[in-house]
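Following the hints, position chain B against chain A.
What follows is the residue order along each chain.
Number of protein chains: 2
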Amino acid sequence: MSGSDDNVSDPNSVPTSVPGEFSIIENLFAPLAGEGAFALQDDAALFTPTPGQQLVLTKDAIAEGRHYLAGDPPGDVARKLLRVNLSDLAAKGATPRGYLLSCAWSETTSYEWMAAFAAGLAADQKQFGVELLGGDTIKAAGPSVFSLTAIGDVAAGKMVLRSGARPGDDLWVTGTIGDGALGLLAARGELDFLSASDKDYLVQRYRVPEPPVSFGKELSGLASAALDVSDGLLGDLGHLCRSSEVGAKIRQESIPVSSATNACVVTRPDRWAPILSGGDDYQILFAAPVAKREAISSTAVSTGTTVTRIGELTVDAKIAVLDAAGKPVDVSSTGFTHF
Amino acid sequence: MSGSDDNVSDPNSVPTSVPGEFSIIENLFAPLAGEGAFALQDDAALFTPTPGQQLVLTKDAIAEGRHYLAGDPPGDVARKLLRVNLSDLAAKGATPRGYLLSCAWSETTSYEWMAAFAAGLAADQKQFGVELLGGDTIKAAGPSVFSLTAIGDVAAGKMVLRSGARPGDDLWVTGTIGDGALGLLAARGELDFLSASDKDYLVQRYRVPEPPVSFGKELSGLASAALDVSDGLLGDLGHLCRSSEVGAKIRQESIPVSSATNACVVTRPDRWAPILSGGDDYQILFAAPVAKREAISSTAVSTGTTVTRIGELTVDAKIAVLDAAGKPVDVSSTGFTHF
Numbered sequence: 026m027s028g029s030d031d032n033v034s035d036p037n038s039v040p041t042s043v044p045g046e047f048s049i050i051e052n053l054f055a056p057l058a059g060e061g062a063f064a065l066q067d068d069a070a071l072f073t074p075t076p077g078q079q080l081v082l083t084k085d086a087i088a089e090g091r092h093y094l095a096g097d098p099p100g101d102v103a104r105k106l107l108r109v110n111l112s113d114l115a116a117k118g119a120t121p122r123g124y125l126l127s128c129a130w131s132e133t134t135s136y137e138w139m140a141a142f143a144a145g146l147a148a149d150q151k152q153f154g155v156e157l158l159g160g161d162t163i164k165a166a167g168p169s170v171f172s173l174t175a176i177g178d179v180a181a182g183k184m185v186l187r188s189g190a191r192p193g194d195d196l197w198v199t200g201t202i203g204d205g206a207l208g209l210l211a212a213r214g215e216l217d218f219l220s221a222s223d224k225d226y227l228v229q230r231y232r233v234p235e236p237p238v239s240f241g242k243e244l245s246g247l248a249s250a251a252l253d254v255s256d257g258l259l260g261d262l263g264h265l266c267r268s269s270e271v272g273a274k275i276r277q278e279s280i281p282v283s284s285a286t287n288a289c290v291v292t293r294p295d296r297w298a299p300i301l302s303g304g305d306d307y308q309i310l311f312a313a314p315v316a317k318r319e320a321i322s323s324t325a326v327s328t329g330t331t332v333t334r335i336g337e338l339t340v341d342a343k344i345a346v347l348d349a350a351g352k353p354v355d356v357s358s359t360g361f362t363h364f
Numbered sequence: 026m027s028g029s030d031d032n033v034s035d036p037n038s039v040p041t042s043v044p045g046e047f048s049i050i051e052n053l054f055a056p057l058a059g060e061g062a063f064a065l066q067d068d069a070a071l072f073t074p075t076p077g078q079q080l081v082l083t084k085d086a087i088a089e090g091r092h093y094l095a096g097d098p099p100g101d102v103a104r105k106l107l108r109v110n111l112s113d114l115a116a117k118g119a120t121p122r123g124y125l126l127s128c129a130w131s132e133t134t135s136y137e138w139m140a141a142f143a144a145g146l147a148a149d150q151k152q153f154g155v156e157l158l159g160g161d162t163i164k165a166a167g168p169s170v171f172s173l174t175a176i177g178d179v180a181a182g183k184m185v186l187r188s189g190a191r192p193g194d195d196l197w198v199t200g201t202i203g204d205g206a207l208g209l210l211a212a213r214g215e216l217d218f219l220s221a222s223d224k225d226y227l228v229q230r231y232r233v234p235e236p237p238v239s240f241g242k243e244l245s246g247l248a249s250a251a252l253d254v255s256d257g258l259l260g261d262l263g264h265l266c267r268s269s270e271v272g273a274k275i276r277q278e279s280i281p282v283s284s285a286t287n288a289c290v291v292t293r294p295d296r297w298a299p300i301l302s303g304g305d306d307y308q309i310l311f312a313a314p315v316a317k318r319e320a321i322s323s324t325a326v327s328t329g330t331t332v333t334r335i336g337e338l339t340v341d342a343k344i345a346v347l348d349a350a351g352k353p354v355d356v357s358s359t360g361f362t363h364f
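Protein chains in written order, with the numbering used here: chain A, 26 to 364; chain B, 26 to 364.
Only chain A is shown next, with the shape it has when bound in the complex (with noise of 0.2 Å):
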């Protein structure tokens, strides 16, 4: 890790104002640095491949006034940073293994703000078996961006792709779809006909991700195709069918939602289109063989995750969403336009 503003640092001074970079690296992220870091004191970090493994590199970025609000908990803008990584980290079916970290802090970004994204990184950390490699913490000329570099590693030859699904392939998903979507909504007071806890429910799922990160590091082994709902379900669902040469039926009253996202739909049925197409969501969509069924409802127990199946590949290359009857939902109005 480096900085570049200033050349000063004094391990044993209290920062009261907002320090130079070195100071902030010393103080707010040295903690964090994990092995082969050397204590973000040197220009690079060092990393140790474990022997018949491959590596899988992911790096995402977010913007303050674009993925958050200035007024977000830092804590919880540094744990969607880290996770949104994570993420795709779990849908490949690697294990994380650390990260590198970019942080170009706003000219009005206070110390305090630093060491509240810090102790975000710090919780998700112990949470997820992480740790900090290095990075570069720099000052914008304008609000704050953040980028972040996921490692993780995978056996030889065993990255889970968007390509590998076959017609008759089960689809599943991960956790809830919609809570992500439905949460930005929420903070943007639009959906204030809901109660206050299942507001703060969705808000706080469109803040933190939460993604499967314990099923991921299993899937090689279930899954023929995969890929983390990020752009919304029938978006990322079209990406998998295109990497597949497949088509997909799904049962849009298979799609697993929360309570909280269910007693939305109940009041509002036309909420269903940023369920379908809004993204944010962060779990796992994938594709599986119907032998693997038994093999993936266990893993799901073992790592207390929930899953479930909501349809299937098909050879015509078409992406039809089915009602309770079996009839085609019009998707048109939710924005789909690109399969």
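Misleading hints may appear alongside valid ones.
Said to hold, decoys possible - Which residues of chain B face chain A? A few of them, derived with a C-beta cut under 8 Å, are: (1) Ala64; (2) Asp67; (3) Glu89; (4) Gly167.
In case anyone wonders, no lab produced these hints; they're calculated from the structure.
If you're wondering where the values come from, they're calculated on a predicted model, not measured in any experiment.
Beta carbons are placed, not taken as given, at the ideal position from N, Cα and C, and that holds for glycine.
Leaving out everything else, chain B in the frame of chain A:
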């Protein structure tokens, strides 16, 4: 590589204004993608480590209005971003293998700017033998911020650290020192007493550094400690000395400077300050046992690199800069305070 603002892509379209994120990825960045990047069409990249090698990881960011100006050539911005990271790998003795890129574009970034940015990367990929593995492209709410994670490898146990230097070791630098810092002053119009060609040379060195990547690949057999000169020669020497628990004596007249920098200090001796402590050189400062002198010189020749011996390391934990008569130069005016 993933985009999140636009789900529509048409590979046959000719973009006129700024297209969506998926189109930017498909048209501008997919052509840069290397093996394991799945043409940037999957959630993550697959990287196969070479048996017996460890990985060296670094991540540096640059921000518009901080590290470059909106009017700078976009290809130069991209090349600087890549090169400041390759500089870190070179200083650790690593061979660059690939990189991940995160672009947070400002609202006003045009497609032409993005295309020229990608063209700069394409040119440097050829020059340095690296490929794009993945990343993210988003919209920032303010000025652009870019972040890059570079991955290199090195024989197990052979990464060159900041620690490891011993009293009596020679102190070397590659290339020339001071061009970057003076180039920034020249770009700001503060060196108008120089000839146009000297100014142009310095500005270009600031915009596009020349990290000694070929020499860096051979460094692990030669150096006892090293880092890249990014914070300033004296500041970075301080880092090396602190990590290695040694001091240093350097001879000011031995510091290698370009003819443009020499023309500058001949007229304005006070311009030694940015040479000694200005930063942005992206050359390697390294320590090596006296017995390695011949091997270092022949490696410099075989890799087309200039190396210069500028002093030696001492037991006494101080840094002294000596003039031609062997007397200490007062460096307190250079802003160098932190050792």
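Hints and how they fare:
| no. | hint | result |
| --- | --- | --- |
| 1 | Ala64 | 10 Å, violated |
| 2 | Asp67 | 5 Å, holds |
| 3 | Glu89 | 6 Å, holds |
| 4 | Gly167 | 2 Å, holds |
Hint compliance for this structure: hint 1 alone is broken.
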